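Q: Residues per chain, in single letters:
2 protein chains.
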Amino acid sequence: MSQPATFLARLREVVGMPHVLTDPGDMALYLTDWRGRYTGRAQAVALPANTAEVAAVVRLCMEARVPIVPQGGNTGLVGGGTPDGSGTALVLCLKRLRTMRAVDAANNTLTAEAGCLLVEVQAAATAADRLFPLSLAAEGSCTIGGNLATNAGGVQVLRYGNARELCLGVEVVLPSGEVWNGLRGLRKDNTGPDLKHLFIGSEGTLGLITAAVLKLFPRPTASATAWLTLADPQAAVDLLGAAQGRFGSRVTACELLSRPVLDLVFKHFPAQRDPLPGNAPWSLLLELSDGGDDGALRDVLGEFLAARLESGAVLDATIAASSEQARRLWALRETAPEAEKREGISIKHDVAVPVSRVPEFLARAAASLPQAFPGARILAFGHVGDGNLHYNVCHSNAADNPALLARQAEVNRHVYDLVAELNGSISAEHGIGQLKRDQLPRYKPALELALLRQFKRQLDPLGLMNPGKLFPDPRDA
Amino acid sequence: MSQPATFLARLREVVGMPHVLTDPGDMALYLTDWRGRYTGRAQAVALPANTAEVAAVVRLCMEARVPIVPQGGNTGLVGGGTPDGSGTALVLCLKRLRTMRAVDAANNTLTAEAGCLLVEVQAAATAADRLFPLSLAAEGSCTIGGNLATNAGGVQVLRYGNARELCLGVEVVLPSGEVWNGLRGLRKDNTGPDLKHLFIGSEGTLGLITAAVLKLFPRPTASATAWLTLADPQAAVDLLGAAQGRFGSRVTACELLSRPVLDLVFKHFPAQRDPLPGNAPWSLLLELSDGGDDGALRDVLGEFLAARLESGAVLDATIAASSEQARRLWALRETAPEAEKREGISIKHDVAVPVSRVPEFLARAAASLPQAFPGARILAFGHVGDGNLHYNVCHSNAADNPALLARQAEVNRHVYDLVAELNGSISAEHGIGQLKRDQLPRYKPALELALLRQFKRQLDPLGLMNPGKLFPDPRDA
Chain A
2 MSQPATFLAR LREVVGMPHV LTDPGDMALY LTDWRGRYTG RAQAVALPAN
52 TAEVAAVVRL CMEARVPIVP QGGNTGLVGG GTPDGSGTAL VLCLKRLRTM
102 RAVDAANNTL TAEAGCLLVE VQAAATAADR LFPLSLAAEG SCTIGGNLAT
152 NAGGVQVLRY GNARELCLGV EVVLPSGEVW NGLRGLRKDN TGPDLKHLFI
202 GSEGTLGLIT AAVLKLFPRP TASATAWLTL ADPQAAVDLL GAAQGRFGSR
252 VTACELLSRP VLDLVFKHFP AQRDPLPGNA PWSLLLELSD GGDDGALRDV
302 LGEFLAARLE SGAVLDATIA ASSEQARRLW ALRETAPEAE KREGISIKHD
352 VAVPVSRVPE FLARAAASLP QAFPGARILA FGHVGDGNLH YNVCHSNAAD
402 NPALLARQAE VNRHVYDLVA ELNGSISAEH GIGQLKRDQL PRYKPALELA
452 LLRQFKRQLD PLGLMNPGKL FPDPRDA
Chain B
2 MSQPATFLAR LREVVGMPHV LTDPGDMALY LTDWRGRYTG RAQAVALPAN
52 TAEVAAVVRL CMEARVPIVP QGGNTGLVGG GTPDGSGTAL VLCLKRLRTM
102 RAVDAANNTL TAEAGCLLVE VQAAATAADR LFPLSLAAEG SCTIGGNLAT
152 NAGGVQVLRY GNARELCLGV EVVLPSGEVW NGLRGLRKDN TGPDLKHLFI
202 GSEGTLGLIT AAVLKLFPRP TASATAWLTL ADPQAAVDLL GAAQGRFGSR
252 VTACELLSRP VLDLVFKHFP AQRDPLPGNA PWSLLLELSD GGDDGALRDV
302 LGEFLAARLE SGAVLDATIA ASSEQARRLW ALRETAPEAE KREGISIKHD
352 VAVPVSRVPE FLARAAASLP QAFPGARILA FGHVGDGNLH YNVCHSNAAD
402 NPALLARQAE VNRHVYDLVA ELNGSISAEH GIGQLKRDQL PRYKPALELA
452 LLRQFKRQLD PLGLMNPGKL FPDPRDA
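As given, the protein sequences belong to chains A and B, one line each in that order. The first sequence begins at 2 in this note's numbering and counts up by one. The second sequence begins at 2 in this note's numbering and counts up by one.
If you are wondering where the hints come from, they were derived from the structure by calculation, not from laboratory data. Bear in mind that the values here come from a model prediction, so they are computed numbers and not experimental data. All the pointers check out, no bait thrown in.
Where chains are identical, the list cannot tell them apart; a pair therefore holds if satisfied intra-copy or between any two copies.
Pairs of lysine to aspartate or glutamate, DMTMM-like flavour, derived with a Cα cap of 25 Å:
1) Lys457 x Glu64
2) Lys445 x Glu179
3) Lys349 x Asp85
4) Lys445 x Asp105
5) Lys349 x Glu411
6) Lys445 x Glu166
Please construct the entire structure, taking both the sequences and the accompanying hints into account.
A: So this is what it looks like as structure tokens:
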């Protein structure tokens, strides 16, 4: 049982009085996720300053049987950082672990503490004439520790991989309060299984990542951005294959938008213009990045696209002639989520299927959803190069939307069952958290979940690490 | 206790009479590693045909308490696939699991069973106009299951990563005999920790990988290969950084050779010629790969090197004008191990340090080794782009070599202690097996080893999965 008075007093001794928040007003920011979808309660919010303090807080919580809810920038989309309503938890916020411990340009690595903001990591890389390619909408407020705990994705995964693939080593405070120093910066280390992958993507349920060695890359000096129209998603998959065949990993973005999504962008952002005429059913943003200069890269992209225009594989295409024009093309993609939001609430899905099955998924879902849910309007866009689609569903008449939203669980199951049939994932980049926890047993092999539960019990026998997240409720098991 | 008669009879029922070998002559090939360094005994060798049979064999072994030694192509360098001398073990060879289950060019994936040879996987990728980039000397006889169990490296890790990074999903027979189907072919799947990494690189101690989904890549159509001479290793690290800055991931190989190594190549392979005059202390093989054609790639590489010749960063350089010339440059690198072998036995080290610390490692080891071991001659070459050096030591007088070899343990410790001081790895790509098992506790954090042991006990409570490999003897723990 928790003994609040003693526990809080000892907590204040460890992290210092000003860094233990108990006033409801002070705590509020930490108890609700940024979209306001989840709200919880906590006995306190602790903000330790370094790894040793984190370890001491964890030991204290274990002794006092206080559940720990780890938090970074609190920008997650699945309620992974919000405590439950019991008020027993401690929110353990890592934002004060903010030291950039090392930048090693010749090794293409950077060692950052968990609380460093993603933009700060990007800036430290840039200052060393390198690129840290993780990039996502919340980069100004999310932390690298949160990015790793949730294995964040974003717009450059096609070329550089997600957070998991950008990490060479980690420092982890285990639920026992012990600190594992796995901060290796090696491209090759064949001394057994790679344990960091158990903690990356664990959403704070198995341990707390307090620092990490991250991969850096050469900073591209040139880019070429094209906007194309296509007859169907198969043409997008084919074009991606051809572009990768010609340009290899210089293909750094391949983003697909359906006509209904683009129409919403023009409706809610009247300043945006369609770069190409013809109201084609599908549009694609394709970007190359390289060393060298923009002109040469635009030339080879132009040659590549000209051949495909001639063959009819591409309906129409334009290449940005300046970085300002490129920025405007990107704005079409980047305003899509906000345009959808302004149109009204929709049922969202962040799913992935093998790239080769994107066309089948889109065709089958477009046929079956309106049949099962009459009037359903589908808004599909996303990182087609990763097989990752943001697949959102609302009613074509705003007035009927509440009735559709009331059937959200059925819509989810309809979409996820098709994703599963195509060997896909019900969470491509946002994670599980509270949002998808109870759906996991339907889609993850039972044996894999059983293995995860075994590791969880072994590492965290008291079940105090971010309870209620990721792992389906033990009572449902 | 094992009951051989019953056990063998049941084993024959499961995999069929012809696929259980007990005759010493039939078993011999499986009981000694290919270099003849390790020999063991076994009660039988079983060759199951598919995953279900593997699972049945594992269950049988667990019931009968028979240790299992998994084996692929038996090409390992650390004794990981050789049983001990007790004769109690079953060698479980996966060579008959040879189905190429699927090739999905549009998804850039291939699903192969564990017993497929690496060359067969490469060929299946080529047939689909794709590249499977894992490439190493044993590729004609090693299996993809063995490559994954040992996280194999090779000459293209710089660009494409090692076996771990080339794998998207696995099918694993657990020590319980249960089969985990983790055969996902997704670039994004954020539904929890990624358990495949526990089995990849576990050397068969935690489970048996029976099939895998592998990443494919566009097949480069152009390459440009240069041979350079350099004043010192720092010049090599600087050049690599500059080349990656200009060419990004088109830099696919960066291999360093010291003058003593090159001299041995010329001594034992008189047909080989030095591509450049001047007997420079260090030589570097640099290769670019790309779509497009060879000529254009050679031109940009030529421009890049011309500027560095002018500045003095590079002493001399030549670019292969044909694929035949490129092949001859590669032959200098590829014959280095054989040239060393012909010169006599040496004490070998397969180590890695951060790329930025390669110069420091080479300088300090070159200074301290001959001091500690008078007459020591150092033969260093390797994948400098990964920080991975093959760092071999022998005596400069052949007659005194036996005396140096007698001090192998001291030489190892000297080299490994320096590697550890520089945050390196004592096994960059060859693994641990029997060879380095007892050195692991000195160089791997105790807490990491303790975690590994916990997972081992949980997955394999009877300790029957490849006992004596990777994990330091429990009595030493």
